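Going line by line, the protein sequences match chains A and B.
When the letters of the first sequence are read in order and numbered with the numbering used here, they come out as residues 2 to 345.
When the letters of the second sequence are read in order and numbered with the numbering used here, they come out as residues 2 to 273.
Simulated from the structure, these hints should not be mistaken for laboratory data.
Any given hint could be a false lead.
[Stated by the list, open to error] Computed list of chain A residues with no C-beta within reach of chain B, every gap over 10 Å:
| hint | residue |
| --- | --- |
| 1 | Ser84 |
| 2 | Pro89 |
| 3 | Gly100 |
| 4 | Lys113 |
| 5 | Ser151 |
| 6 | Ala218 |
| 7 | Tyr292 |
| 8 | Leu320 |
[Said to hold, decoys possible] Stretch by stretch, here's where chain A covers chain B in the computed footprint (C-beta under 8 Å, at least three residues):
| hint | segment |
| --- | --- |
| 9 | 158-167 |
| 10 | 203-217 |
[Said to hold, decoys possible] In silico DSS-like links for lysine-lysine, alpha-carbon gap of 25 Å or less:
| hint | chain 1 | residue 1 | chain 2 | residue 2 |
| --- | --- | --- | --- | --- |
| 11 | B | Lys182 | A | Lys114 |
| 12 | A | Lys131 | B | Lys182 |
| 13 | B | Lys163 | A | Lys116 |
| 14 | A | Lys317 | A | Lys280 |
| 15 | A | Lys209 | A | Lys258 |
| 16 | A | Lys267 | A | Lys256 |
| 17 | A | Lys131 | B | Lys261 |
| 18 | B | Lys163 | A | Lys94 |
| 19 | B | Lys182 | A | Lys113 |
| 20 | A | Lys105 | B | Lys182 |
| 21 | A | Lys338 | A | Lys317 |
| 22 | A | Lys75 | B | Lys130 |
| 23 | B | Lys159 | B | Lys130 |
| 24 | B | Lys182 | A | Lys94 |
| 25 | A | Lys338 | A | Lys281 |
| 26 | A | Lys102 | B | Lys163 |
| 27 | A | Lys317 | A | Lys344 |
| 28 | A | Lys75 | B | Lys163 |
| 29 | A | Lys323 | A | Lys344 |
| 30 | A | Lys131 | B | Lys130 |
| 31 | B | Lys182 | A | Lys102 |
| 32 | A | Lys131 | B | Lys98 |
| 33 | A | Lys267 | A | Lys317 |
| 34 | A | Lys280 | A | Lys306 |
| 35 | A | Lys182 | A | Lys30 |
| 36 | A | Lys300 | A | Lys267 |
The structure displayed is predicted, hence computed values, not measured ones.
Every residue, glycine too, gets a C-beta built ideally from N, C-alpha and C.
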Amino acid sequence: MSAIEVKNLSRNYGDIDAVKDVSFTVPEKSFTVLLGPSGCGKSTILKMLSGLEQVSHGTINIGGSDVTEIEASKRGVSMVFQSYALFPHLNVKENIQFGLKVRKVPAEEREKKVKDAANVVGLTDLLDRKPANLSGGQRQRVALARSIVSEQSVCLMDEPLSNLDSKLRAEMRDEIRDLQKRLGLTVVYVTHDQVEAMSMADQIILLKLGEIVQVGAPEEIYNSPNSVFSAQFIGLPPMNVMNLNDIDISTLDSKIKPALESSIIKNIGIRPEHLLFSKKGLPVTVKSIDYFGGETVFKLTHQEKDFFLREPRQPKIQLGDKLFVSWNLDDMYLFDKNNQRLKS
Amino acid sequence: MTYRNRIQTSVELIGAYILAGFWILPLLYAFWAAFHSSSDAMHFDIFSPLTLDNFREAWSQAPFARFSLNTFLLVSFILPGQLLISTLAAYAFVRFKFTGANVAFALVLVQLMITPEILIVQNYVTLSKLSLVDTISGMGLPYIASAFCIFLLRQAFKSIPKELEDAAELEGCGTMSILWKVYVPLATPTYIAFSLVSVSHHWNNFLWPLIISNSVETRPLTVGLGIFAAPESGVEWSILSAATLMSVAPLLIAFLIFQKQFVQSFMQAGIK
Numbered sequence: 002m003s004a005i006e007v008k009n010l011s012r013n014y015g016d017i018d019a020v021k022d023v024s025f026t027v028p029e030k031s032f033t034v035l036l037g038p039s040g041c042g043k044s045t046i047l048k049m050l051s052g053l054e055q056v057s058h059g060t061i062n063i064g065g066s067d068v069t070e071i072e073a074s075k076r077g078v079s080m081v082f083q084s085y086a087l088f089p090h091l092n093v094k095e096n097i098q099f100g101l102k103v104r105k106v107p108a109e110e111r112e113k114k115v116k117d118a119a120n121v122v123g124l125t126d127l128l129d130r131k132p133a134n135l136s137g138g139q140r141q142r143v144a145l146a147r148s149i150v151s152e153q154s155v156c157l158m159d160e161p162l163s164n165l166d167s168k169l170r171a172e173m174r175d176e177i178r179d180l181q182k183r184l185g186l187t188v189v190y191v192t193h194d195q196v197e198a199m200s201m202a203d204q205i206i207l208l209k210l211g212e213i214v215q216v217g218a219p220e221e222i223y224n225s226p227n228s229v230f231s232a233q234f235i236g237l238p239p240m241n242v243m244n245l246n247d248i249d250i251s252t253l254d255s256k257i258k259p260a261l262e263s264s265i266i267k268n269i270g271i272r273p274e275h276l277l278f279s280k281k282g283l284p285v286t287v288k289s290i291d292y293f294g295g296e297t298v299f300k301l302t303h304q305e306k307d308f309f310l311r312e313p314r315q316p317k318i319q320l321g322d323k324l325f326v327s328w329n330l331d332d333m334y335l336f337d338k339n340n341q342r343l344k345s
Numbered sequence: 002m003t004y005r006n007r008i009q010t011s012v013e014l015i016g017a018y019i020l021a022g023f024w025i026l027p028l029l030y031a032f033w034a035a036f037h038s039s040s041d042a043m044h045f046d047i048f049s050p051l052t053l054d055n056f057r058e059a060w061s062q063a064p065f066a067r068f069s070l071n072t073f074l075l076v077s078f079i080l081p082g083q084l085l086i087s088t089l090a091a092y093a094f095v096r097f098k099f100t101g102a103n104v105a106f107a108l109v110l111v112q113l114m115i116t117p118e119i120l121i122v123q124n125y126v127t128l129s130k131l132s133l134v135d136t137i138s139g140m141g142l143p144y145i146a147s148a149f150c151i152f153l154l155r156q157a158f159k160s161i162p163k164e165l166e167d168a169a170e171l172e173g174c175g176t177m178s179i180l181w182k183v184y185v186p187l188a189t190p191t192y193i194a195f196s197l198v199s200v201s202h203h204w205n206n207f208l209w210p211l212i213i214s215n216s217v218e219t220r221p222l223t224v225g226l227g228i229f230a231a232p233e234s235g236v237e238w239s240i241l242s243a244a245t246l247m248s249v250a251p252l253l254i255a256f257l258i259f260q261k262q263f264v265q266s267f268m269q270a271g272i273k
């Protein structure tokens with residue numbers, strides 16, 4: 002059973018379509034990430050799910066009932082905001098129990114629930130603090146606790162980690178993922194960070210300009226992107242996409258050449274880790290070398306086009322060296338003139 | 002460079018002290034005169050005997066207890082009224098999109114520029130039609146919809162992030178409970194700042210209460226004091242000073258106690 006079912010959802014502001022005819026389902030107890038660059042409509046979709054934003058067209062189904070016209074507080078969802086939205090005049094405890102008080106939960110029960118939630122996120126010692134006296138990570142935890150305490154099965158998160166430093170972000174990523182599993186939550190998570198999406202999601206919904214580009218598990222999108230956009234949005238450094246006109250095909254391996262003969266092929270794509278230094282192949286010049294310890298990323302140029310090569314070892318290569326690269330036929334992606342993937 | 006800075010700072014400091022000294026002189030003199038007999042008040046002899054006679058005299062010449070009560074009633078009628086009306090108005094301006102919102106707000110701003118004194122006659126006519134002449138509510142009514150308060154609160158409410166409101170809405174708060182649980186507590190510094198201004202202004206207001214009040218039952222302190230200053234009977238400086246001190250004492254004491262909060266709330270409310 003799917004926890005959330007969205008059909009033909011649209012949202013327009015005057016003449017501007019923020020979200021265009023989007024349909025997807027979110028399975029129960031799964032972690033779904035809405036991923037895309039800024040302005041792709043991901044936050045608007047989340048707001049529409051929560052009920053804080055009006056729907057122009059389409060329907061939203063949560064837990065089997067149509068909630069398109071139902072007010073936010075009655076949809077059975079909780080939300081974690083980008084800025085955490087903690088009430089600065091209330092201490093941690095009061096922030097966590099804000100919703101319980103509004104819903105007139107009796108004091109004893111409230112006390113117990115707050116204690117449990119604070120325990121889950123490790124805030125037990127900080128209940129009397131004001132949000133101003135908390136670190137970014139602690140504020141984030143208060144926001145999570147407030148969402149947990151509401152006991153809604155669906156939790157919506159709007160870029161909850163974007164205000165944290167990178168080390169804390171990695172920690173909180175694990176924590177949120179762990180919480181979701183432990184509490185059996187259905188999470189819809191908005192982010193523009195593909196690392197977050199790849200490491201946390203069961204399902205990624207990739208968006209561009211208000212439309213869905215691709216839906217799938219992280220490995221599915223990584224291994225078989227359906228377009229140049231998905232190929233380049235996921236993965237770091239992004240997939241090398243080269244126009245066939247820009248490369249000297251005559252230098253390529255005899256196994257690869259026949260695959261490129263069809264006239265509908267416009268671009269080819271190769272992931273940086275699939276490019277190999279070799280004795281012959283595409284002639285390139287080394288433009289820059291980024292050494293990361295566990296891997297080395299080379300920026301190479303061929304006929305004034307740049308692309309990346311990733312190596313787990315540290316080969317003895319200098320800036321300005323003239324080398325050759327090749328790749329295996331299986332690792333090559335083909336795209337047509339509309340930047341759509343051609344399945345071979 | 003630091004030497005020049007230091008000189009500049011000390012010059013500024015001395016200037017500030019001189020100005021403060023001038024400013025407080027009348028008050029110091031009132032203290033001096035109130036505790037000395039009329040003849041001693043004019044001679045600044047440190048050893049002249051202190052006396053409380055002036056206070057006794059002033060108290061017996063006019064019903065100060067009644068005047069104080071009137072002032073207190075006036076202020077405690079105006080302030081809650083202002084806060085209630087302005088909160089609702091400011092909330093409407095910030096949160097609701099209604100046709101004519103901009104025109105309505107422009108009218109509020111225009112009202113800010115009109116000094117109440119211009120309207121004295123018109124207000125008197127209106128209130129007499131309402132048969133509210135010579136009543137405390139009549140004295141307070143013209144001030145109850147404060148444009149200044151609406152403006153201040155609107156600015157304070159506007160600075161409250163939308164996400165807080167969204168969070169409250171998601172937790173099940175309705176329109177009024179969002180106002181009460183999110184907007185009002187977050188605008189507390191503004192409420193305090195405005196309350197201080199409002200209370201001190203209406204405590205000291207003279208002209209309008211003088212016109213609208215005819216009897217001891219409604220006359221506030223400021224108007225009552227006017228009796229002592231009536232020039233035709235000759236000004237009794239000592240008794241006048243004693244009476245003045247009695248009138249301003251509550252405010253003065255409150256200011257001394259709350260001066261830290263007073264200054265802070267103005268800083269937070271963004272008025273300097």
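I'd like to know which numbered hints this structure contradicts. Please list them from smallest to largest. Violated hints: 1, 2, 3, 5, 10, 13, 15, 21, 22, 23, 25, 27, 29, 30, 32 and 33; rest satisfied.
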